[in-house]
Amino acid sequence: MIIFIEMMNSISAFLDTGGQVLTVIAGVICLMWLLIFERLFFFLKTYNGIKKSVIANWQARADKSSWHAEQIRIAQVSRLTEMLNQNVALIQSLVVLCPLLGLLGTVTGMIQVFDVMAISGSGNARSMASGVSRATIPTMAGMVGSLSGVFVVTWLQRKTKRRTEQLEDSLVLQH
Amino acid sequence: MKSLNRVKQHVSTFLAAVTLTSAAFAANAQEATSLDQLLEQLAQGKVAQTQQNKQREADFMARKSEQDQLLANATNERDNQIKLSTELEASFQNNEIELANRQDALNKRLGELKELFGVLQQVAGDTKSKFQNSVISAQIPGREAFLDEFAQSMGSSSKLASIEEIEKIWFELQREMTESAKVVRFDREVVLADGSKQTATVTRIGNFNLVANNKYLEFISETGSVAELIRQPSGRYLGTAADMTAANPSQGTQQVAFALDPTGGSILSLLVQAPDTQERVDQGGPVGYVILAIGAIGLLIALERFIALFLVGNKVNRQLKTATPSNDNPLGRVLMAKEEYKDVDVETLELKLSERILKEVPQLTSRLTMIKIISVVAPLIGLLGTVTGMINTFQAITLFGTGDPKLMAGGISQALVTTVLGLVVAIPMVFISTILTTRSRGIINILQQQSAGIVAERAEKGA
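So the protein sequences, as listed, match chains E and R. Taken in order, the first sequence gives residues 1 to 175; the numbers are from my numbering. Taken in order, the second sequence gives residues 176 to 638; the numbers are from my numbering.
Read the hints as simulated data drawn from the structure, not as lab findings. Note that the structure is a prediction, hence the values are computed from the model and not measured. Any given hint could turn out to be false.
Unchecked claim - The calculated lysine-lysine pairs, modelled on DSSO-like cross-linking and capped at a C-alpha distance of 27 Å, are:
no., chain 1, residue 1, chain 2, residue 2
1, R, K547, E, K51
2, R, K636, R, K496
3, E, K52, R, K547
4, R, K547, E, K161
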């Protein structure tokens, strides 16, 4: 329990030094990883069940060669692809947003630094330190969040493409 | 005219002088009509001069003894003065020694008292500057005058402090200390934010803050007046000031949470200098307003698209569940082609379907590109603002040099604020654009890839 409280304290101290933008970045990263985990869960669990039932339905069909059958097959594949693609674009845009938010934090931090300079002159480096940390920490956090997401997004996109192809292969048309 | 008159005057005097001399010459010339006569006259003149000189010599000789007397007198006078000067010098030196002795004696007798007076002077000076800045002076004015007088009289070493004065300093210090522990209410004239004066009930919290009419006040020591802060702190702190004003001490002790400024007002006075959101945006200049306008347009478009796509999406979902195609949604309109062309072969049906789909797609994707463009353009305009701001900064540097960072602050804040505004507009636009594009693409996907399948499924079910 004490360890947990200490962890929370250090996290809130970190968020304080980074300013409000860091809180937003933290929120974006959390949302991104929630979506990523939802996707992973879908890929590893839910998708297999759906895929099996779709294949079973297809196998059960007597007619696998007519125009109707072909259109139904296309529709089925498209539905599953849509399921696979769900939220991937959102995750990708969140990955792009992270460095943008980092930049926003940098600029607001710099504004704070210049405010301090305008009031107290450039002599006092200590008073500028809080602005500088507000400028640098969000940038770093944005980069970390973006990098952590980039790999997963690429992996998800590749996975989606392959799964679609595999599904198309499993639903065999007879000519 | 005046100068001309003066010139005339000069000329006339000159003329008069000339006539006078010529008259004298004329007189002599009349006496000496010939050279011989002149010679004779000269000889006579010499005789007369010699007589005169002899007369003078006799006079001088007669007065010689008188001169001797005068000399003796002067010498005597000088000797007297020298004697007096020596005497005075001796007396001065004696006095000097006497003075030093007395000073020594005074110092010896003062002993530790001397240090005490030094401390008293220092304490009086310190306390004076402390009282000047203390908000307690708003309640008890005129305390510094006595301290100022006292410090000055202690500085001129000829005066000694009386016990009453020392006790008064003690009393004032003690009073400051006692008052700083109290929360006190008193009526006083307050300068409001609009410059008018009003008598208000001021609550003083120790020697930290003054509060009246739910607002924080500042004590201006130069004029001894109490003024409302032009810019009040944020709502959460202002709320505690309102609590403090509302608290009623006459109903016994009441505890109220209060956000106090432990520096005695200097943090609050810095607050006035920090710009608020409105002023920040203003610092961005015209470029900033352009970005904001574009952002507002983007938001309006996004709102309209959100509502439209949400409604269309709902209708399409309903259409997927019902068998009869209705005319109020894109999918329904596409599926209607099947009803209209019942007996055509599949190839023609496919063509008809894709024709309908092509008609529906533009409505679903319209204006989404606009949002995408705004999300790209906003940071670019922000960059434009940054560069113009930097140009301003460098102009300031060219004119005034780099010595004063405050002169450069205007350009730099323009540069930074436009960047911030660009990002503030771009970030939600990227997010919104993704969501809207996903939504519209989902519906288009259903139309393009699944409509034929749905037709086929329904045909099989019906068959």
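Quick one, are E:K52 and R:K547 close enough, alpha carbons at most 27 Å?
-> Distance of about 39 Å is beyond 27 Å: violated.
Quick one, are R:K636 and R:K496 close enough, alpha carbons at most 27 Å?
-> Within the cut-off at roughly 14 Å; holds.
Starting from R:K547, check that the Cα of E:K51 is at most 27 Å away, please.
-> Not OK: R:K547 and E:K51 at ~35 Å, beyond 27 Å, violated.
Assess, step by step, whether the Cα of R:K547 is no farther than 27 Å from the Cα of E:K161, and give holds or violated.
-> 25 Å, holds
Hint compliance for this structure: hints 1 and 3 are broken, all remaining hints hold.
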